[in-house]
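Chain by chain, the residues:
Protein chains: 2
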Amino acid sequence: MKIQIWCWGAIRESFLKEGISIYLKRLQKYLSTEFVEFPPVRNASKLEVPILLKTEANVIADKIQTGDILITLDEKGKEMTSSEFAQYLEVKMGSGSKRLIFLIGSASGLDDSLLQISNDRLSLSKFTLPNQMVRLVFIEQLYRAMTILQNEPYHK
Amino acid sequence: MKIQIWCWGAIRESFLKEGISIYLKRLQKYLSTEFVEFPPVRNASKLEVPILLKTEANVIADKIQTGDILITLDEKGKEMTSSEFAQYLEVKMGSGSKRLIFLIGSASGLDDSLLQISNDRLSLSKFTLPNQMVRLVFIEQLYRAMTILQNEPYHK
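Line by line, the protein sequences give chains A and B.
With positions in the first sequence counted from 1, the corresponding number in my numbering is that position plus 23.
With positions in the second sequence counted from 1, the corresponding number in my numbering is that position plus 23.
Possibly wrong hints are sitting among the right ones.
If several chains are the same, the list does not tell them apart, and a pair holds so long as it fits within one copy or across any two.
[Stated by the list, open to error] Using 35 Å as the maximum straight-line C-alpha spacing, the simulated DSBU-like pairs for lysine-lysine come out as follows:
#: 1; residue 1: Lys86; residue 2: Lys99
#: 2; residue 1: Lys115; residue 2: Lys69
#: 3; residue 1: Lys52; residue 2: Lys69
#: 4; residue 1: Lys149; residue 2: Lys101
#: 5; residue 1: Lys77; residue 2: Lys25
#: 6; residue 1: Lys86; residue 2: Lys101
#: 7; residue 1: Lys48; residue 2: Lys101
#: 8; residue 1: Lys99; residue 2: Lys40
#: 9; residue 1: Lys77; residue 2: Lys99
#: 10; residue 1: Lys48; residue 2: Lys149
#: 11; residue 1: Lys115; residue 2: Lys52
Treat the hints as calculated values from the structure; they're not laboratory data.
All figures in this text were calculated on a predicted structure; none of them were measured in a lab.
Generate the whole structure from the sequences, applying the supplied hints.
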C-alpha cells in the first residue's frame with residue numbers, strides 16, 4: 024500500500040521544507056509515502072470561499088480512483104492518541120487498498136462534498152494550525168505510528 | 024506581563040530552531056515572550072523515570088515566584104480552539120500577574136507535583152508530539168492568539 028498526502032501548493036517556509044523532508048526520509052524505511060501538491064487554484068484570493076472550495080473539490084474528486092481510501096484532515100474530525108492512530112493505520116494497511124490518501128485542505132478549508140465522500144475525518148488538534156505546518160505534524164505522526172507498530176524506540 | 028516558556032534542553036534540530044525563531048520574532052510586536060531552557064538533568068537516561076521527574080520538578084519548583092501563573096502543557100490537559108485560547112490568554116493577561124509561565128515537560132513527562140501546583144493544564148493535541156516540536160506548535164499558537172485579539176489578518 025502507498026500512502027499519499029494530498030495538499031495545496033508547495034511549502035514556502037524553508038524550515039518546514041527541511042523538517043518534512045527529514046521525516047519523509049525516515050518514513051521510507053517502513054512505508055512508501057509521498058506528498059502530492061496540487062497547484063493552487065488561479066486567482067484564489069479573488070474567488071468567494073464557497074466557489075474556491077468547490078473548484079478545489081472538483082480537482083480532488085477527479086483524482087480519486089476506485090478503491091482509494093480517502094481520509095480528510097480537518098479540525099472537526101476525530102482525534103486519536105498516537106497509539107490509537109498506529110492501530111488505525113494498521114487496519115487500513117490490512118484492507119487491501121492500493122492507496123491510502125490523507126487530504127489536507129487549503130487555507131480556506133474543505134468543501135462539504137469532500138467530507139461526504141471521505142472514508143474518515145481526522146483531526147490533529149483543536150487548534151487551527153497553519154496549513155503548511157499540518158504537513159510537518161502529520162508526517163511526524165506517521166513516522167511515530169510506524170515505530171509504534173514495529174515496536175521500535177523512537178529515533179530522536 | 025511577560026510570557027515565559029519553560030522547557031528542558033536546547034533545540035537540536037536546526038529546522039525547529041529556525042521555525043521557532045521566526046514566530047518568536049513576530050510575537051515580540053505584541054508580547055514580551057522568551058524561552059527559558061533548563062539544562063537537562065545529568066545522567067537522565069540512567070535514572071528511573073519517577074526519580075528523574077521528581078528531580079526536574081524540584082528545579083522547576085525552585086524557580087517559581089509568588090504571583091506567577093504556571094500552566095503545564097501536557098497531553099491530558101484541556102484542549103481549546105485557537106479562538107478560545109486567545110480569550111483565555113486575554114483573561115490571564117488582565118490578571119495583574121507579572122509572569123505567565125507555560126511549562127513543557129521533558130521527554131519523560133511531568134511530575135504529578137507540578138500538575139498539582141499548576142494553575143491549569145493545556146493540551147495541544149491528543150497525539151504525542153516530539154517534545155521539541157511542541158515548542159514550535161505552541162509559539163505559533165501564541166502568535167495566532169495575538170493576531171486574533173488584535174483582529175489582524177494572520178501573516179502567512
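Structure-based check of all given hints:
With identical chains, the CA atoms of Lys86 and Lys99 are at most 35 Å apart within one copy only, with a shortest distance of 24 Å there and 39 Å across copies. With identical chains, the CA atoms of Lys115 and Lys69 are never at most 35 Å apart, being 39 Å at best within one copy and 38 Å at best between copies. Taking the closest pair of Cα atoms, Lys52 and Lys69 come within 35 Å of each other only across two copies (30 Å); inside a single copy the shortest separation is 42 Å, beyond that limit. Taking the closest pair of Cα atoms, Lys149 and Lys101 come within 35 Å of each other both inside a single copy (10 Å) and across two copies (10 Å).
Taking the shortest alpha-carbon separations for Lys77 and Lys25, only the intra-copy value of 27 Å comes in at or below 35 Å, while the best inter-copy value is 44 Å. Proximity of Lys86 and Lys101 under a CA criterion of 35 Å is satisfied intra-copy only: 25 Å inside one chain copy versus 38 Å between copies. With identical chains, the CA atoms of Lys48 and Lys101 are at most 35 Å apart both within one copy (27 Å) and between copies (33 Å). With identical chains, the CA atoms of Lys99 and Lys40 are at most 35 Å apart both within one copy (26 Å) and between copies (30 Å).
Taking identical chains as interchangeable, the C-alpha atoms of Lys77 and Lys99 lie at most 35 Å apart only when both belong to the same chain, with a minimum of 19 Å there against 37 Å between chains. For the homomeric pair Lys48 and Lys149, the shortest alpha-carbon distances inside one copy (28 Å) and between copies (25 Å) are both at most 35 Å. Taking CA atoms no more than 35 Å apart as the test, Lys115 paired with Lys52 passes inside one copy only; the shortest distance there is 18 Å, against 46 Å between copies.
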